[in-house]
Each structure stands twice: as C-alpha cells, then as structure tokens.
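Chemist: Produce the entire structure from the sequences given, and follow the hints as far as they go.
Below are the chains, spelled out letter by letter.
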Amino acid sequence: MSADMIGGRQATAAPVSPYAIELKGISKAFGPVKANQDINIQVPRGTIHGIIGENGAGKSTLMSILYGFYKADAGEIFVGGRLTPIPDSQSAIRAGIGMVFQHFKLVQNFTVLENVILGAEDGAMLSTSLSRARRELEALSTEFDLDVHPDAVIEDLSVGHQQRVEILKALYRRADILILDEPTGVLTPEEADHLFRILAGLRDQGKTVILITHKLREIMETTDNVSVMRRGTMVATVKTAETSPEALAELMVGRKVLLEVEKRPAVPGRVVLSVKDLRVRDENRVERLKGVSFEIRAGEILGIAGVAGNGQSELLQALGGITRATGEVTMNGVVLPLSGSGANGQARREAGIAHVPEDRQALGLIMDFAAWENVAFGYHNAAEYQMNGLLMDNAAIKADTAAKMAKFDVRPPNPMLPAKSFSGGNQQKIVVAREMERNPDLLLVGQPTRGVDIGAIEFIHKQIVALRDAGKAVLLVSVELDEIMSLSDRIVVMFDGQLMGERDPDKTDERELGMMMAGMAGKRGAA
Amino acid sequence: MDKMPRWADVVLVPLICLVIAFFFSGILIWAIGQSPVEALTIMVTGSLGSTYGWGYTLFYATNFMFTGLAVSIAFQASLFNIGGAGPATLGGLGVALSCLFIPWPHWSLALAGSMVAAMAFGAAWAFLPAWLQAKRGSHIVITTMMFNFISYALMNYLLVNILRPVGKMDPASARFDEVTNLPQLGDILALVGIPFSTRNPANISLLIALACAVGVWALLWHTRLGFAIRAFGKSEKAALYAGISPVRITLYAMMLSGALSGMMAINSVQGEANRLLLNSVEGAGFIGIAVALMGRNHPFGIVIASILFGFLYQGGSQLALGTTIPREVIVVLQALVILFTGALPYMVQKPLERLFVRFNQGRAA
Numbered sequence: 011m012s013a014d015m016i017g018g019r020q021a022t023a024a025p026v027s028p029y030a031i032e033l034k035g036i037s038k039a040f041g042p043v044k045a046n047q048d049i050n051i052q053v054p055r056g057t058i059h060g061i062i063g064e065n066g067a068g069k070s071t072l073m074s075i076l077y078g079f080y081k082a083d084a085g086e087i088f089v090g091g092r093l094t095p096i097p098d099s100q101s102a103i104r105a106g107i108g109m110v111f112q113h114f115k116l117v118q119n120f121t122v123l124e125n126v127i128l129g130a131e132d133g134a135m136l137s138t139s140l141s142r143a144r145r146e147l148e149a150l151s152t153e154f155d156l157d158v159h160p161d162a163v164i165e166d167l168s169v170g171h172q173q174r175v176e177i178l179k180a181l182y183r184r185a186d187i188l189i190l191d192e193p194t195g196v197l198t199p200e201e202a203d204h205l206f207r208i209l210a211g212l213r214d215q216g217k218t219v220i221l222i223t224h225k226l227r228e229i230m231e232t233t234d235n236v237s238v239m240r241r242g243t244m245v246a247t248v249k250t251a252e253t254s255p256e257a258l259a260e261l262m263v264g265r266k267v268l269l270e271v272e273k274r275p276a277v278p279g280r281v282v283l284s285v286k287d288l289r290v291r292d293e294n295r296v297e298r299l300k301g302v303s304f305e306i307r308a309g310e311i312l313g314i315a316g317v318a319g320n321g322q323s324e325l326l327q328a329l330g331g332i333t334r335a336t337g338e339v340t341m342n343g344v345v346l347p348l349s350g351s352g353a354n355g356q357a358r359r360e361a362g363i364a365h366v367p368e369d370r371q372a373l374g375l376i377m378d379f380a381a382w383e384n385v386a387f388g389y390h391n392a393a394e395y396q397m398n399g400l401l402m403d404n405a406a407i408k409a410d411t412a413a414k415m416a417k418f419d420v421r422p423p424n425p426m427l428p429a430k431s432f433s434g435g436n437q438q439k440i441v442v443a444r445e446m447e448r449n450p451d452l453l454l455v456g457q458p459t460r461g462v463d464i465g466a467i468e469f470i471h472k473q474i475v476a477l478r479d480a481g482k483a484v485l486l487v488s489v490e491l492d493e494i495m496s497l498s499d500r501i502v503v504m505f506d507g508q509l510m511g512e513r514d515p516d517k518t519d520e521r522e523l524g525m526m527m528a529g530m531a532g533k534r535g536a537a
Numbered sequence: 002m003d004k005m006p007r008w009a010d011v012v013l014v015p016l017i018c019l020v021i022a023f024f025f026s027g028i029l030i031w032a033i034g035q036s037p038v039e040a041l042t043i044m045v046t047g048s049l050g051s052t053y054g055w056g057y058t059l060f061y062a063t064n065f066m067f068t069g070l071a072v073s074i075a076f077q078a079s080l081f082n083i084g085g086a087g088p089a090t091l092g093g094l095g096v097a098l099s100c101l102f103i104p105w106p107h108w109s110l111a112l113a114g115s116m117v118a119a120m121a122f123g124a125a126w127a128f129l130p131a132w133l134q135a136k137r138g139s140h141i142v143i144t145t146m147m148f149n150f151i152s153y154a155l156m157n158y159l160l161v162n163i164l165r166p167v168g169k170m171d172p173a174s175a176r177f178d179e180v181t182n183l184p185q186l187g188d189i190l191a192l193v194g195i196p197f198s199t200r201n202p203a204n205i206s207l208l209i210a211l212a213c214a215v216g217v218w219a220l221l222w223h224t225r226l227g228f229a230i231r232a233f234g235k236s237e238k239a240a241l242y243a244g245i246s247p248v249r250i251t252l253y254a255m256m257l258s259g260a261l262s263g264m265m266a267i268n269s270v271q272g273e274a275n276r277l278l279l280n281s282v283e284g285a286g287f288i289g290i291a292v293a294l295m296g297r298n299h300p301f302g303i304v305i306a307s308i309l310f311g312f313l314y315q316g317g318s319q320l321a322l323g324t325t326i327p328r329e330v331i332v333v334l335q336a337l338v339i340l341f342t343g344a345l346p347y348m349v350q351k352p353l354e355r356l357f358v359r360f361n362q363g364r365a366a
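So the protein sequences, as listed, match chains A and B. With my numbering, the residue at position 488 of the first sequence is 498, and numbering never jumps. With my numbering, the residue at position 311 of the second sequence is 312, and numbering never jumps.
Think of the hints as simulated: they come from the structure by calculation, not from any bench. Honestly, I wouldn't trust all of these hints.
[Unchecked claim] Listed next, with one range per pair, are the computed distances between beta-carbon atoms:
no.	chain 1	residue 1	chain 2	residue 2	range
1	B	137	A	146	44 to 54 Å
2	B	355	A	146	30 to 40 Å
3	B	355	A	50	28 to 38 Å
4	A	277	B	216	53 to 63 Å
5	B	150	A	146	54 to 64 Å
6	A	405	B	355	33 to 43 Å
7	A	27	B	359	23 to 33 Å
[Said to hold, decoys possible] Calculated pairs, BS3-like style, for lysine-lysine (alpha carbon to alpha carbon, straight line, at most 27 Å):
no.	chain 1	residue 1	chain 2	residue 2
8	B	235	A	430
9	A	115	B	351
10	A	408	B	238
11	B	238	A	430
12	A	81	B	351
13	B	351	A	430
14	A	417	A	273
15	A	408	B	235
16	B	351	A	44
17	B	238	A	300
18	B	235	A	115
19	B	169	A	115
By construction, the Cβ of each residue, glycine as well, lies at the ideal position given by its N, Cα and C atoms.
Modeler: Structure representation (structure tokens):
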C-alpha cells in the first residue's frame with residue numbers, strides 16, 4: 011500500500027509529520043505462528059482509522075505492540091513523525107497513546123474519579139490529586155459529551171458508561187491517539203451510537219482514533235480510512251468513502267463472502283424434543299423460566315428470539331443438564347429427569363443432546379486446557395477415548411482433535427495449544443466441532459457467533475444448516491435478530507421467562523419481533 | 002507467547018528462590034555470631050556427606066513426598082487442603098492397629114495390610130471435611146485445619162487411655178512385633194550391590210512413595226478421574242456443563258488426598274518408630290503444602306522438593322548437634338526456605354522473565 015491512497019483530514023497545525031502514527035515493517039511471531047508480517051500503516055492525524063480483520067488476523071497483536079505489551083521482532087514505530095520505541099505501556103502513555111480494552115480494567119467498587127487517577131496520582135497525598143483531577147475530569151466530560159459523574163461508583167454504571175470512564179482515563183493521561191479494541195461488543199445499539207458521537211467529537215478536536223472491530227457496519231459509518239488485515243498481513247488501506255461492505259468482507263476473508271445464509275426449506279420429521287411447562291428458579295428462588303412449552307422436530311431449526319436475560323439462558327442450561335428444573339421434557343420419546351443425580355450434562359449427552367453454550371469461555375471451554383483436552387471435555391468418558399478400562403487414550407484424542415481442527419478450519423491447527431491462545435472465532439469452532447461431530451439428535455446452541463468474525467460466522471451458520479439438513483433438530487438462542495431471522499425455520503419470542511408466541515420467519519419482520527421481545531404484543535397461540 | 006523457556010520456570014526459579022533463602026539465612030547466622038560457611042558445610046556433610054546422612058534425608062523426604070502429593074492432588078481440584086496432618090495421624094492409627102492386632106506371617110503382608118489400613122483411615126478422615134464442603138459449603142481450609150486438631154486430641158485420648166500398655170508411662174502404643182519391621186533402604190540397596198548405611202530409618206517406604214508419585218502423575222494426566230479433577234479445579238462452572246459432578250469430585254479428590262497423607266504412617270510409624278507415638282506426623286502435613294508449592298504441583302517436582310526439605314530437616318538437626326546455633330534459628334531457616342520457595346516465586350519470576358525477554362531481543366537484533 012502506498013501513502014497516496016490515504017487521504018483523510020488535513021492536519022490543522024504544522025506538525026513534523028502528517029501522520030499521528032506510522033508503523034514500518036512490523037513483524038511478530040509466536041513460535042511458528044506469524045501474527046504480524048511486515049506491517050506498514052500510516053494513520054493520518056485527526057482521523058478515525060478503522061482496522062478490520064477476522065479474529066486471529068493479527069489486529070490485537072498489532073495494537074499490543076503499539077501499546078507496549080509485546081515487543082515486535084522487527085520494524086519501527088513512529089509517533090508524530092518521531093521514531094519511538096515502545097518497550098512497555100508506560101512508554102506508550104508517555105508517547106500520548108491511550109487504549110480502551112475490550113474487557114475494561116476498572117476497580118468495580120471505586121468511584122469514577124478514583125479509577126481515573128489510579129496509577130496517575132501525583133504525590134503521596136491523595137486529596138490534592140483528587141481535587142485537581144476532579145476539575146480536569148469535569149472539563150473533559152463536558153468537552154467530549156461523556157456524561158459521567160466523577161463520584162459515581164463503577165459497579166453502579168452501565169456498560170456504556172464504564173467504557174466512557176476508560177476513555178476518560180486515557181484522555182486524563184493526555185492521550186492524543188486513542189485505540190479502541192472491539193468497543194461495541196458489549197454495548198446496546200443506542201450506547202454504540204453515543205460512543206461513535208464521542209469518537210467523532212474527539213476527532214474534531216484533533217485527536218486520532220484507531221478503531222479495531224470486525225463489524226463492517228461500524229467501519230462504514232464511523233471511520234475515515236480503513237486498513238484490512240488478513241492472516242497477519244496488511245492487505246489494504248482504503249478511504250472508507252470509496253469502499254463497500256462487500257469489498258471489505260472480501261478483503262478480510264480473501265474470497266467472496268455470503269452475508270446471507272443459503273438454505274432450502276425445512277423438511278420437519280418426527281418430534282425430537284417435547285417440552286411441557288418447564289420452570290427454572292435461580293439460587294434466590296426467583297422464577298426465571300415461567301412454564302415454557304414447545305416442540306422441536308427432526309430437520310428443523312427453532313429460533314428463540316429475545317433480549318438477553320429473559321430466560322433463554324435458563325432454558326438452555328435446564329435442557330443441557332446444568333441447572334435443575336421442573337416440568338416435563340421428552341427426548342426421542344423418553345422422559346428426561348430434570349432434577350436429582352440423573353439430571354447432568356453426561357446423561358444429556360448420552361440422550362443425544364449436544365450443547366454449544368452461550369458463554370464458551372466460562373462454560374464451553376477450559377481456557378487453561380490444551381485444545382485436545384477441550385475436545386475431550388464433556389466426552390471424556392467416550393469409549394473411543396479410552397485405551398482400556400483404566401487409562402485414557404490421549405494419543406487418540408489428539409489425533410481426533412487434529413482431524414476436527416482440519417475439518418472446521420481451526421487456526422492455528424495445533425492440538426497442544428491452550429484454548430486461551432486461540433482467537434474467539436477459533437475457540438467457538440473448537441466447541442462447535444466437538445458438539446456437532448458427535449452427530450447429536452438435538453443441538454442446543456446459544457449465541458453461536460458472539461464475538462466471532464465474518465468468515466467464521468458464515469462457516470458456523472453453514473454447519474448449523476447442514477446439521478438440520480441431516481435430519482437433526484436444532485434449538486437456536488441468539489440475541490442477534492438477524493441471525494434468528496436468517497437461520498430459523500420457526501421463531502418463538504421469549505419475554506420475562508415466557509414464550510410470547512410463534513412466527514414464521516418469512517411472514518414476520520424485525521419490527522413485529524421487536525415488539526414481542528419488548529413484551530408488547532399479545533400472545534397468539536403457543537409454540 | 003511464553004516469555005521464558007519452561008526449564009527456566011521449572012528449574013531456575015526455584016533454584017534462585019533457594020539461593021535467596023540461603024542468603025538471608027546466612028545473614029541471620031552471621032548476625033548471631035556464627036560462620037555461615039561453616040554452618041552450610043555442617044548441613045551439607047551431615048545430610049549428604051555420608052550414606053548415613055542420606056538415609057535420614059531420604060527418610061524425611063519420604064514423609065514429605067506422601068504429604069506433598071496429598072496436598073497437590075487436592076490443589077488440582079482447586080481445594081486448598083491444609084489437613085495433611087489429620088489423615089496422616091489417623092493413618093498412623095490404622096497402621097498401628099494393623100500391626101498390633103493382626104498376626105502377620107511376613108513383613109510384606111504386614112506392609113500390604115498397613116497400606117490398606119493407612120489409606121482407609123486417612124481417606125475416611127478426609128471424607129468428613131470433603132463432605133462438609135461439597136454438601137454444606139463449609140470452607141475446606143477451615144474444616145481441614147480444625148480436623149487436624151481433632152485428630153491430635155483423638156490420638157492423645159487413644160494413646161493415653163486405650164493403646165498404652167499397662168504399666169508404661171509414656172503415651173505410646175506397645176512395640177510392634179518384629180515380623181512387621183520393614184526392610185531398610187540399606188538392605189535393599191545391598192541386593193543390587195550398592196553399599197548404604199543401615200543405621201538410619203530410610204526404608205522400603207521410599208520406593209512406595211516414588212511409585213505413588215508416578216501413580217498420581219498417571220492418575221491426573223492419563224485417567225478420566227484425573228481429567229475430571231483437573232477440569233473441576235480449573236472451572237467449576239465448565240465442569241458442571243460437562244456433566245462432572247462437583248460433589249463427587251470434591252469427595253474423590255479429598256479422599257485420595259487423605260489416603261496419600263495416611264500412607265505417610267508406613268514410613269514413620271511402621272518404618273521408623275515400630276510403635277505409635279503421640280506426634281508421629283511431626284509437622285510433615287504442613288511441610289507438604291510447601292513441598293507442593295515448590296514442586297509446582299507436579300508429582301515429579303514434588304519428589305525433588307521433598308528431597309530438598311529432607312536435606313533441610315536432616316541438615317538442620319546436624320546443625321543443632323554440631324554448633325551452638327539455637328534450635329529455633331534452624332526452624333527460622335526452614336521457614337525462610339518455605340517463604341521464598343513457596344510463597345514468593347513471583348518475586349523472582351517477573352524479573353527473570355524480563356531478563357529472558359531482553360536476552361531474546363538481544364539475540365534477535
């Protein structure tokens with residue numbers, strides 16, 4: 011990529027260089043994995059610069075190098091035109107770089123003010139720092155429309171507000187260049203819009219913003235320029251106004267991508283799962299699932315739409331044998347125990363139920379375990395994983411893992427790596443491979459593409475449809491309405507632990523479903 | 002991703018910790034007017050300078066292997082078992098009952114019987130806190146510690162009131178029949194032509210402890226139960242998703258831990274004392290925690306750490322005999338080693354990581 015492709019706003023002052031940040035020939039390898047290869051990028055001052063790429067493309071590694079978490083194997087970093095080595099995050103802060111992480115680094119029971127000065131106290135006496143910081147914070151907060159009260163306690167704030175505290179932290183440390191890593195993953199659409207207004211305001215004040223994301227819509231709506239990464243290399247840097255989502259998707263994945271799922275009409279068969287009056291109470295004895303009844307037939311995908319926290323998680327966990335429930339659940343004509351020692355994940359797997367949980371990091375995987383151990387996880391009693399009655403056949407599990415990794419295109423395809431060192435999309439592929447390759451009669455799948463990149467989303471959606479076409483039943487829970495609408499053969503909407511009614515995906519629209527998700531539509535027959 | 006090679010993490014870090022501990026110990030000895038060099042010489046020659054010294058070192062090490070493995074297996078299930086001493090005490094009772102009341106025809110059968118009794122008594126004693134944790138949520142750190150004290154009191158009662166032979170004054174059981182005496186390590190090594198002192202308590206239990214280390218390794222990394230224990234230890238929520246029962250794993254891991262602690266008694270009660278004494282565990286339960294920490298929770302690391310602590314025990318007692326250094330100072334030395342190797346490895350780990358990163362960069366440049 012040459013510099014003449016990049017335009018953006020002209021810098022207002024007379025700086026040494028028109029670029030806030032310039033990276034030249036950055037390379038970084040982790041063992042055999044080349045996370046970044048000869049990356050060149052120029053970020054013009056006073057612009058919002060998007061960096062887009064699939065999970066595992068090397069975006070986070072690149073930003074970690076810029077923020078001093080990793081040291082590049084080769085290459086140079088120029089900040090404001092000056093060669094600036096960044097061996098640690100302190101140097102990055104001194105160079106005027108601030109970072110807002112995907113997972114916030116805030117002390118939950120401290121106030122906003124305390125969090126902001128944490129690590130930037132000047133002197134031993136806290137009170138002088140606090141009063142000075144308070145004035146500055148209020149000025150920053152009004153200047154950039156951040157709307158956070160300095161004395162609010164973090165745990166009382168919404169996720170969107172917490173994120174703004176992170177931005178304040180960076181600004182308080184005199185950041186001129188703000189890096190945001192997947193900032194909207196945890197935000198509601200409204201909060202995301204507010205964030206983008208804040209970012210635009212920052213840009214207009216002459217700050218430079220680097221936005222890392224895998225969401226094409228955000229790139230198109232907010233950035234001035236966008237750089238695309240694929241498999242550790244920088245494949246293109248273009249002006250956002252001169253590109254399209256389709257072109258970016260193709261650059262990211264390296265081939266044409268279907269943004270819609272292709273599927274034939276369902277051919278429903280016999281009833282696989284029948285649920286009658288299912289109820290779940292949480293540990294505080296509050297009823298979270300209030301008598302839910304539905305059926306799923308072989309060869310169909312039943313989508314459950316709903317705003318997060320309306321009982322969908324409890325439904326999945328009750329069916330997956332994780333939480334106790336009451337009611338009647340019949341699987342392939344056999345009544346399943348819903349409480350007592352017979353109600354557990356092992357028994358459900360034996361009954362032919364596979365479960366891709368909503369939270370793969372907390373439930374679906376053990377992050378410290380190697381990929382091969384995670385592939386055996388939940389199926390560690392399976393006969394083909396045993397050498398004899400006593401010992402497990404670790405070699406067989408590793409071979410099986412390698413095969414599954416190849417089939418599901420998990421990268422890097424190394425069974426020995428711990429789960430935590432895979433990207434989100436690849437972690438999800440490991441879970442999906444483990445659950446689907448067991449050929450279950452019923453697949454429970456929650457938020458299958460949360461935090462997963464475009465290429466992997468397409469792949470996972472195809473696998474779910476293929477399982478349906480093979481005559482299996484699928485229960486899909488997702489908060490992404492697009493996903494529900496494009497995958498499901500039938501949609502039921504869940505609100506406050508109850509089903510609000512069933513709709514045919516071809517005969518409904520987002521507006522109607524949205525009303526039902528808000529509990530505003532009357533019941534029109536049970537599912 | 003790895004900031005430093007694995008060997009540095011596993012070998013170098015504990016070694017550096019050890020050197021720091023010895024450095025501070027040296028200052029301490031110097032401060033009370035003794036020669037640190039002379040003290041170290043006495044410790045090394047006393048514990049490693051002769052097969053007699055080695056015998057004692059390995060005898061102590063055997064105790065620590067059992068309790069260290071016991072602590073580590075509970076650790077793997079994320080259970081911080083402070084109660085190595087309780088099951089070890091009860092294991093002693095099991096061994097004593099087996100040796101006193103069953104007329105064994107041969108030492109090998111007596112050993113087998115003692116092992117079964119030691120494991121059963123140890124596991125049973127660990128079962129109670131495990132059950133309280135699994136079913137009632139009573140924290141295992143508190144309950145295991147309390148059960149240690151209950152075990153001491155129980156032993157006191159039994160030895161004073163029931164097991165003490167008529168006419169004897171000291172709270173100890175009768176001497177076991179000679180047929181139950183275990184083969185000395187010296188006798189065993191003589192079979193393969195290695196001359197080794199027999200005037201020390203090292204016995205066949207050492208080989209059993211080593212076998213247990215291999216057994217624990219195989220259990221944890223090559224069996225379904227070990228898989229479930231490790232998975233549960235890493236994430237209880239995920240374990241539940243996989244259908245691993247928290248109650249069952251807590252019980253199994255703690256009972257295995259108790260059984261291993263109990264096994265210590267074949268070394269100390271049957272192997273050395275040949276009778277049940279009041280304090281047969283002698284702090285090995287707690288040393289087990291330090292050994293497990295220093296051995297990085299890996300059975301083979303625990304074997305090495307146990308030998309180190311065996312050296313400290315034996316070297317320390319030689320120091321008490323050979324110098325005017327008060328006995329308390331030796332305890333302080335052991336405490337320093339525990340402090341630096343068990344509790345403070347991060348202090349060494351982080352700077353060392355930076356050093357390796359810099360070294361690698363220097364090589365890459």
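Chemist: Is residue 115 of chain A within 27 Å of residue 351 of chain B, Cα to Cα?
Modeler: holds, 21 Å
Chemist: Hinted pair, alpha-carbon criterion (27 Å max): residue 235 of chain B, residue 430 of chain A. Please report holds or violated.
Modeler: holds, 13 Å
Chemist: Evaluate the given range 23 to 33 Å for the C-beta pair formed by residue 27 of chain A and residue 359 of chain B.
Modeler: With Cβ atoms ~30 Å apart, the hint holds.
Chemist: For the pair supplied as a hint, residue 408 of chain A and residue 238 of chain B, confirm whether the alpha-carbon distance does not exceed 27 Å.
Modeler: holds, 24 Å
Chemist: Are the Cα atoms of residue 235 of chain B and residue 115 of chain A separated by 27 Å or less?
Modeler: Holds, at about 23 Å.
Chemist: Is residue 169 of chain B within 27 Å of residue 115 of chain A, Cα to Cα?
Modeler: violated, 67 Å
Chemist: For the hint 30 to 40 Å, verify it against the beta carbon of residue 355 of chain B and that of residue 146 of chain A.
Modeler: holds, 33 Å
Chemist: In this structure, is the beta-carbon distance linking residue 150 of chain B and residue 146 of chain A contained in 54 to 64 Å?
Modeler: holds, 56 Å
Chemist: Assess, step by step, whether the Cα of residue 238 of chain B is no farther than 27 Å from the Cα of residue 430 of chain A, and give holds or violated.
Modeler: With a Cα-Cα distance of about 17 Å, the restraint between residue 238 of chain B and residue 430 of chain A holds, given a limit of 27 Å.
Chemist: Straight-line Cα separation of residue 351 of chain B and residue 44 of chain A no greater than 27 Å?
Modeler: Roughly 25 Å separates the two Cα atoms, so the pair holds.
Chemist: Check the hint pairing residue 417 of chain A with residue 273 of chain A against an upper bound of 27 Å on the C-alpha distance.
Modeler: holds, 21 Å
Chemist: With 53 to 63 Å as the target window, see if residue 277 of chain A and residue 216 of chain B comply at their CB atoms.
Modeler: With Cβ atoms ~54 Å apart, the hint holds.
Figure legend: structure checked against the earlier numbered hints; the only hint not met is number 19.
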